[in-house]
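Read top to bottom, the protein sequences are chains Y and D.
Residue numbering for the first sequence follows UniProt numbering, beginning at 1 and increasing consecutively.
Residue numbering for the second sequence follows UniProt numbering, beginning at 1 and increasing consecutively.
Among the hints, erroneous ones may be present.
[Unchecked claim] Here are the simulated distance ranges between beta carbons:
#  : chain 1 : residue 1 : chain 2 : residue 2 : range
1  : Y       : Val-123   : D       : Lys-463   : 40 to 48 Å
2  : D       : Glu-121   : Y       : Val-123   : 51 to 59 Å
3  : Y       : Ala-443   : D       : Lys-226   : 54 to 62 Å
4  : Y       : Ser-27    : D       : Glu-122   : 54 to 62 Å
5  : Y       : Asp-301   : D       : Ile-212   : 23 to 31 Å
6  : Y       : Ile-435   : D       : Gln-362   : 53 to 61 Å
7  : D       : Glu-394   : Y       : Ile-435   : 38 to 46 Å
8  : D       : Glu-313   : Y       : Ala-443   : 53 to 61 Å
9  : Y       : Pro-216   : D       : Glu-313   : 44 to 52 Å
10 : D       : His-291   : Y       : Gly-124   : 18 to 26 Å
11 : D       : Ala-217   : Y       : Pro-268   : 32 to 40 Å
12 : Y       : Lys-426   : D       : Gln-315   : 47 to 55 Å
13 : D       : Arg-392   : Y       : Glu-287   : 53 to 61 Å
14 : D       : Tyr-26    : Y       : Glu-402   : 34 to 42 Å
[As the list claims (entries may be wrong)] Chain Y regions said to be covered by chain D (calculated; three or more residues, Cβ under 8 Å):
#  : stretch
15 : 98-104
16 : 107-118
17 : 406-412
[Stated by the list, open to error] Taking lysine-lysine pairs in the DSSO-like style, the calculated list, with each CA pair at most 30 Å apart, reads:
#  : chain 1 : residue 1 : chain 2 : residue 2
18 : Y       : Lys-100   : D       : Lys-360
19 : D       : Lys-284   : Y       : Lys-214
20 : D       : Lys-306   : Y       : Lys-306
21 : Y       : Lys-284   : D       : Lys-391
The hints are simulated quantities; they were obtained by calculation from the structure and are not laboratory data.
Since this is a predicted model, take the numbers as computed values, not measurements.
Note that CB positions come from ideal geometry on N, CA and C, so glycine has one too.
Protein chains: 2
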Amino acid sequence: MDAKIIEELSRIMSKERILQNVADRYSYSFDASFGEYLPDVVVQPQSTEEISQLLQLANRYKIPVYPRGAATSLSGGPLPVQGGMVLDMSQMKEKLIIDKENLLAIVSPGVITADIHQKAEEVGLYYPPDPSSSHVSTIGGNLLENSSGPKGLKYGTTKDYVIGLEVVTPTGEIMRTGGKTVKNVTGYDLTRLIVGSEGTLAVVTEAILKLIPKPPARKTMMATFKRLVDSGYAITRILQSGILPSALEMMDQYCIQAVEHYRPSGLPVEAEALIIIEVDGHPKAVEEEIHTCAEICHQHDALEVKVANNEEERQTLWQARRMVSPAISKLGPTKISEDATVPRSKIPDMMEHLRKIREKYQLNLVVFGHAGDGNLHPNILTDKRNKEEMKRVEDAIGEIFEAALALGGTLSGEHGIGTLKAPYLKRELGETGVIMMKKIKEAWDPNHILNPGKIFPQPGQNKVVLT
Amino acid sequence: MDAKIIEELSRIMSKERILQNVADRYSYSFDASFGEYLPDVVVQPQSTEEISQLLQLANRYKIPVYPRGAATSLSGGPLPVQGGMVLDMSQMKEKLIIDKENLLAIVSPGVITADIHQKAEEVGLYYPPDPSSSHVSTIGGNLLENSSGPKGLKYGTTKDYVIGLEVVTPTGEIMRTGGKTVKNVTGYDLTRLIVGSEGTLAVVTEAILKLIPKPPARKTMMATFKRLVDSGYAITRILQSGILPSALEMMDQYCIQAVEHYRPSGLPVEAEALIIIEVDGHPKAVEEEIHTCAEICHQHDALEVKVANNEEERQTLWQARRMVSPAISKLGPTKISEDATVPRSKIPDMMEHLRKIREKYQLNLVVFGHAGDGNLHPNILTDKRNKEEMKRVEDAIGEIFEAALALGGTLSGEHGIGTLKAPYLKRELGETGVIMMKKIKEAWDPNHILNPGKIFPQPGQNKVVLT
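Excised from the complex, chain Y in its bound form:
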């Protein structure tokens, strides 16, 4: 990076927080998706004021700026695809205040999500969003990607728990949105526009999160089904019975077999589907509800139904689901994790499409996910060095997207568009949708400084995984 710019940077922040050597910069060149892009410089801001000055500088010199939390993004959110400057936001983590009286948390962007869970629960409160990376990921990353996880069905996503933000705009202005009240209709909802904007509209420097009372009890069950379609019927019946589970997870036969192979625990490898249901709330209610769920599974020809009687048994049931990622990783060195999402009633149709895609392209395509809200995770295990196979992966992913959209679904339920799904954006949103989004981006970020190369397809970009 130009010495003049480094000189200006060192007037904003101390030199040890400006990383220039290639070994340091390399650590910031990737995330949990794939592709590597070396930034020209990495800075570790510690205050809102510093970030404001950094963005003003970036606008003067037209330097792309890439905010980054813990880089657990599965869609390329923090990748510095045009080089420039990475803002390492993980160092800005001094504030984690639980306001018990107002059921709020006030947090800095670098705070780890799981620390919010823990601090809230210590005083009987609850922050529901729990992406699987929550022990590593920062709340700043969760906010900008609108992360969710298994609790979306009952509790919604990150967006449903953010009521106020402090941000720095792309041109370096400091702005507060929303506030400490759950009801607030003063002007446009910039809070929820920024949440989920994948770091293209603002850098979040503080957030006010809504908490709820911690549900006093929960109960968990697991059921396996010989036929996938029966698990679908059971899920529909459960949801129509008036029960709203706090989690409703499913795994297909390939996942079951991979997990049983990886760590044998007696899972029925002949089962086409395994579901885990958790309900939470009042102790008497959850007791009754979990038995209703179990009964419904039995009525729909479950092979086996297990209800956990204590925390240890609960952990054992969840173990099957938790082992999916490590187990399927054995199937190939490159894991491509999609999150195409369909209306819940279309899950059986989507599963059938996925089965056909697997056969057509002869790929290790396995499916698990959040069946309650239609948010499936088709994962392809492959090897990115195998060009021929990657071509088939590319085509298969295209068909997965088309199938989800044809069923009234979306390209992304929780991972974001990032770099990977950008070529399909217009297919879902239509020409007008993309234009209206771009108008906002251009009005706020006239120099295209903030996280350029994300969400909107770049000229000539029409491939998802091939470069």
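Once you've looked at the hints, dock chain D against the given chain Y.
Okay, now just chain D, sitting in the frame of chain Y:
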């Protein structure tokens, strides 16, 4: 209106849906706030395509366009303050589909909110937002104003239940946002940007609403307190006990006295506060929870605590709250209903500010509202013909806004900014907040066609109720 424009209008829609005579237009000149503005023409579109053409026409001739549902707005949302064309959206009401399997409703903008409640409940589902005008108001108005009501504490606001929209943009393009999945992170959240935009960013032509299973049971209680501060302590204790009531309403002494005077039912007129608490959920849970609430009220020196044992008793308890509006209307011909909202823990401070404002300006200022989420309704009963009193009202409202903001609250919890609160916008949002909102407005509506004169203060506008 110019004959040439009427001629063009009649090419878009049949003549009987183009209202030109002054008696018809007068019916569209007011809403539930105050001020009268005669539109130049009123049109009653019946399709998205017609609205698209109307907006294109309006852009060609620079005609202001004012979408209007049932005009129950308390902030001037639909008032045609610059004349022009009113879009009477109440005729566009053909679609009200409940999708039981996916827990969704698909609705036209002119559908009455209470009809959605009813249709959902017929199949065991539930649409929580219930503004007090729900038997009259249209869902389109609810969407654009992000209406809420008593259930905000537990269930959030209209925005939390909208997952997809069909809209016409200010320049006349038809666009779909979101979809039928609860999880959707494809691009910016235009759905929630448009919801609550007070009709300044788009005309809603269809919405997809999220429903939840209908809570199987509910229980209701009422408590009166000699001292207002004790009711505050009781509310805080209840919320910290892990109970999340579905409604937590309060009335101050002036409301209690007005209701008792209007329809005597033995309410204690010496009480400084009356609260109504409703819990819903599993039958066993609500039974236990309502008695915990009652016990806590007793511990905080409640004068009287009543728990409803059946639906009839429940209706009797709610009667006190329902009578507030008709009862206080007797105190003056002009009712100014504010909705300044503060963090819940600041309610006692806000009540103290309101008491002082009442004394200082010698006004009929009464307070009721949604204590659970800090959303108070200070109402001033006055007479708009009394210029001297209106000057005091103007100053009092200014002090109410300042007090709410000083306590970390907002100008508007659920009514919207509209015409009335625009002069205070910058005071809450700051210069940058207003600028960033205006950038969106200008990027989408370069000709300032859609609902001009709302949210953003007009040049020279610095009064709230005085003209």
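Tested hints:
1. Y/Val-123 and D/Lys-463 have their C-beta atoms about 45 Å apart, which keeps the hinted 40 to 48 Å range intact.
2. The hinted range of 51 to 59 Å is not satisfied by D/Glu-121 and Y/Val-123, whose Cβ atoms lie roughly 36 Å apart.
3. Range check, Y/Ala-443 to D/Lys-226: Cβ separation about 55 Å, and the 54 to 62 Å hint holds.
4. In this structure the hint that Y/Ser-27 and D/Glu-122 lie 54 to 62 Å apart at CB holds, the actual value being about 58 Å.
5. At about 28 Å, the CB distance of Y/Asp-301 to D/Ile-212 agrees with the hint of 23 to 31 Å.
6. In this structure the hint that Y/Ile-435 and D/Gln-362 lie 53 to 61 Å apart at CB holds, the actual value being about 55 Å.
7. With their beta carbons about 43 Å apart, D/Glu-394 and Y/Ile-435 fall inside the hinted range of 38 to 46 Å.
8. Here the CB-CB span from D/Glu-313 to Y/Ala-443 is close to 55 Å, well matched to the stated 53 to 61 Å.
9. Our hint of 44 to 52 Å for Y/Pro-216 and D/Glu-313 is violated, since their Cβ atoms are close to 28 Å apart.
10. Between D/His-291 and Y/Gly-124 the beta carbon distance is about 20 Å. The supplied range of 18 to 26 Å therefore holds.
11. One distance hint, 32 to 40 Å for the beta-carbon pair D/Ala-217 and Y/Pro-268, holds here, with the actual separation near 38 Å.
12. Taking 47 to 55 Å as the suggested C-beta distance range, the pair Y/Lys-426 and D/Gln-315 conforms, at roughly 53 Å.
13. Taking the beta carbon of each, D/Arg-392 and Y/Glu-287 are about 59 Å apart, inside 53 to 61 Å as hinted.
14. Checking the proposed 34 to 42 Å range against D/Tyr-26 and Y/Glu-402 shows it is violated: the Cβ atoms sit about 53 Å from each other.
15. Judged by the Cβ-Cβ criterion of 8 Å, the stretch 98-104 of chain Y is covered by chain D as claimed, because 6 of its residues qualify and three suffice.
16. Figure legend: the stretch 107-118 of chain Y, annotated as covered by chain D; annotation inconsistent (0 residues with Cβ-Cβ distances under 8 Å, at least 3 required).
17. Counting residues of the stretch 406-412 of chain Y whose CB lies closer than 8 Å to any CB of chain D gives 5, which reaches the minimum of 3, so the coverage claim holds.
18. Of the pairs offered as hints, the one joining Y/Lys-100 and D/Lys-360 is violated, with about 34 Å between alpha carbons and a cut-off of 30 Å exceeded.
19. At roughly 18 Å between alpha-carbon atoms, D/Lys-284 and Y/Lys-214 fall within 30 Å of each other, so this suggested pair holds.
20. Using a Cα cut-off of 30 Å, the hinted pair D/Lys-306 and Y/Lys-306 is violated, with the two alpha carbons roughly 43 Å apart.
21. A threshold of 30 Å between alpha carbons decides the hint, and for Y/Lys-284 with D/Lys-391 the separation of about 57 Å lies outside it, so the pair is violated.
Hints 2, 9, 14, 16, 18, 20, 21 from the list above are not met by this structure, while the remaining hints are.
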